[in-house]
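Novice: Sequence:
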Amino acid sequence: MNWTQTFIPTLKETPSDAEIVSHQLLLRAGLVRKLTGGLYTFLPAGLRVLRKIERIIREEMDRAGGIEVLMPALQPPEIWQQSGRYETARDVLFKVKDSAQREWVLGPTHEEVITHLCASEINSYRQLPKCFYQIQTKFRDEIRPRFGLMRAKEFVMKDAYSFDASDDGAMASYKRMYDAYTRIFARCGLRAFAVEADTGVIGGNHSHEFMVPAETGENDVVYCETGAYAANIEKATSRGPVEATPSDGTGGAPEKFATPGVVTIDALAAAPHSIPASRQIKTLVFLVDSEPTLFLLRGDDQLNEAKLMARTGAVNARAATAEECAAALSAKPGSLGAVSGVPEKVKVYADEALRGARGMATGANEDGFHFRHVDIERDIRVTQWADLRTVRAGEACGASGLPLKIRRAIEVGHVFKLGTKYSDRMNATFLAENGTRHSLVMGCYGIGVTRTLQAVIEQSNDKDGIVWPVAVAPFEVCVTPLGVAAGSPTRAAADALVAELEAAGIEVILDDRDERPGVKFKDSELVGFPLRVGIGEKSLAKGELEFKPRGGVLEPVMVADAAAKVIAWVQAGRAGLR
RNA sequence: CGGGACGUAGCUCAGCCCGGUAGAGCACUUGGUUUGGGGCCAAGACGUCGCAGGUUCAAAUCCUGUCGUCCCGACCA
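Residue numbers for the first sequence follow the working numbering, beginning at 2 and rising by one.
It is possible that some hints are incorrect.
With a cut-off of at most 25 Å between alpha-carbon atoms, the simulated DSS-like pairs for lysine-lysine come out as follows [stated by the list, open to error]:
1) K566 x K35
2) K154 x K98
3) K257 x K154
4) K176 x K154
5) K406 x K422
6) K464 x K406
7) K348 x K333
8) K539 x K566
9) K13 x K422
10) K523 x K35
11) K131 x K98
12) K346 x K333
13) K131 x K96
14) K464 x K543
15) K464 x K549
16) K154 x K96
17) K539 x K523
18) K422 x K131
19) K406 x K348
20) K13 x K549
21) K549 x K566
22) K257 x K176
23) K13 x K333
24) K176 x K566
25) K154 x K35
26) K96 x K539
27) K96 x K35
These are computed hints drawn from the structure, not numbers from a lab.
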């Protein structure tokens, strides 16, 4: 392929609307262009990378027993109503109307479609297990598209769905996909690791996310350096706060005291009251499926809303407004408490870290007053104890006991064991060997293909541009003659080398642009080809070409040896050695 | 949806405070020159200053509204 015959519009300057390095490089290296927020055109070089990642995914999915299909992006709303997600996923569903004003849904994911298919096509345990996958464009009405391909309204996803006759079978399918994902990311040259994850709106009871460590990621991952534990912060647990919860109460009854104007944890912790945050009980009011509900945490802890959703089983939940708090209890936020004045029907969830807490302070449910000497188990009607707090760095790992750490990461894949959530609702059943009817046991597995592409760039770049792993580079080799005129010695040597490499199946681009050397060198580094072979008059006169691995040092190579050396270098790269 | 920033040439940006002729660099076209790390010289083309109202003799500039982009939060592969 000649550079002048394709289209790689590089940019010398950084576009002003790209914030993170991978987004800047996507644009600067001429891989994509924005149509509008969250919508991108893949240009030839970007498309080549996308296709290579897809090929790796297909190979590994096929190897893991996956069966490729292609489902419609346009879907009838009825199946979404049947699964219940027409409501729960409402915020991300793109809806369109046809000329008869009938509504359709643009698929953000395909549990409904595949379950509908299997409901009619799978009838017997003899047809199981099955694992279907597709690579397809998804549509999500993202509240805030961000960072180029990282979070887009339209993106390419590999999604897979397993169907088993039993829970054990489903676990085996889950494990096969988990292992396939590990291989896929490794083959893409990504350093990714699996963490325990919350299941969110997809549902299910067992889940891992595949994370690429990056400061620009949108997730916080809690992990133990021993490798004993890693989890998304939405799910993570520990042995509890570093500072133990006070259990040294006076034994006296709760005592109301005046705290005019004190409406924050910090204010109560400051003079004159000087009650440490760890000795306070924080009272939060949420509307859980429209029901006012109390959540009690230690003053220095943060409520984890993913845990709130999981523990309550809520479809929708949000913090109550000041007015709603006042209506449910008798005070505004800042003076709320659960010692008295909580209507019998209001549920009170208390965080496990508060178990046994004595001598605590909390709002008196009366503006301007707090209680002290509160013993939670004696003085508060707790409906349910639950893990609700967000883990903080430094807390002891539940497995190893060592301090946990927290780092940012990009989620590139997510595997779920779904169980029978969808098959139950959509009547996807089969007859077992003994003639009884059962719901199919499902799993679902996603990889953000376009996001993975950008994650590779985010993880693999330097001051000059992208440093592609050989396995996903748009071209493996860039041949750069400094003189391109037909018949010139440099052009002749370049043409000969390219022909030999192409014959050997190497993906090579010939930079045949009539540009100054500096421009060509800068561009080859910006786009990030793994290997550049420079051909200049001076070295050619000595019978040499210049072999320059991206990020490595320049090395002269004899013309006669060049092709063999390049081929060996690329093949080593394909094997994952670089 | 809440908070913030910004919309001027293909790109990066200046001009706006303090109203009066629309600018620079890069990119592009032509010619010359140069030729191992984003050259140099000359000439040229490229703009409804996001859009709509308003104030004014006069608006890129001031006011109002609106649309869009980007960042921070809630959502997710």
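Novice: It remains to establish, for every hint, whether it holds in the given structure.
Specialist: We went through each hint and held it up to the structure:
1. K566 x K35: Distance of about 39 Å is beyond 25 Å: violated.
2. K154 x K98: It holds: about 18 Å lies between the C-alpha atoms, which stays within 25 Å.
3. K257 x K154: Violated: K257 and K154 sit about 53 Å apart, past 25 Å.
4. K176 x K154: violated, 30 Å
5. K406 x K422: With Cα atoms ~34 Å apart, K406 and K422 exceed 25 Å; violated.
6. K464 x K406: violated, 29 Å
7. K348 x K333: holds, 18 Å
8. K539 x K566: Within the cut-off at roughly 21 Å; holds.
9. K13 x K422: Since the Cα atoms of K13 and K422 sit roughly 51 Å apart, the hinted pair is violated (cutoff 25 Å).
10. K523 x K35: holds, 23 Å
11. K131 x K98: Since the Cα atoms of K131 and K98 sit roughly 34 Å apart, the hinted pair is violated (cutoff 25 Å).
12. K346 x K333: With a Cα-Cα distance of about 19 Å, the restraint between K346 and K333 holds, given a limit of 25 Å.
13. K131 x K96: Judged against 25 Å, a Cα distance of about 31 Å means the pair is violated.
14. K464 x K543: violated, 32 Å
15. K464 x K549: holds, 17 Å
16. K154 x K96: Holds, at about 13 Å.
17. K539 x K523: holds, 20 Å
18. K422 x K131: holds, 17 Å
19. K406 x K348: Not OK: K406 and K348 at ~34 Å, beyond 25 Å, violated.
20. K13 x K549: Judged against 25 Å, a Cα distance of about 22 Å means the pair holds.
21. K549 x K566: holds, 12 Å
22. K257 x K176: With Cα atoms ~56 Å apart, K257 and K176 exceed 25 Å; violated.
23. K13 x K333: This hinted pair is violated, its Cα atoms lying about 55 Å apart.
24. K176 x K566: violated, 40 Å
25. K154 x K35: holds, 12 Å
26. K96 x K539: violated, 63 Å
27. K96 x K35: Between K96 and K35 the Cα gap is close to 23 Å, so the pair holds against 25 Å.
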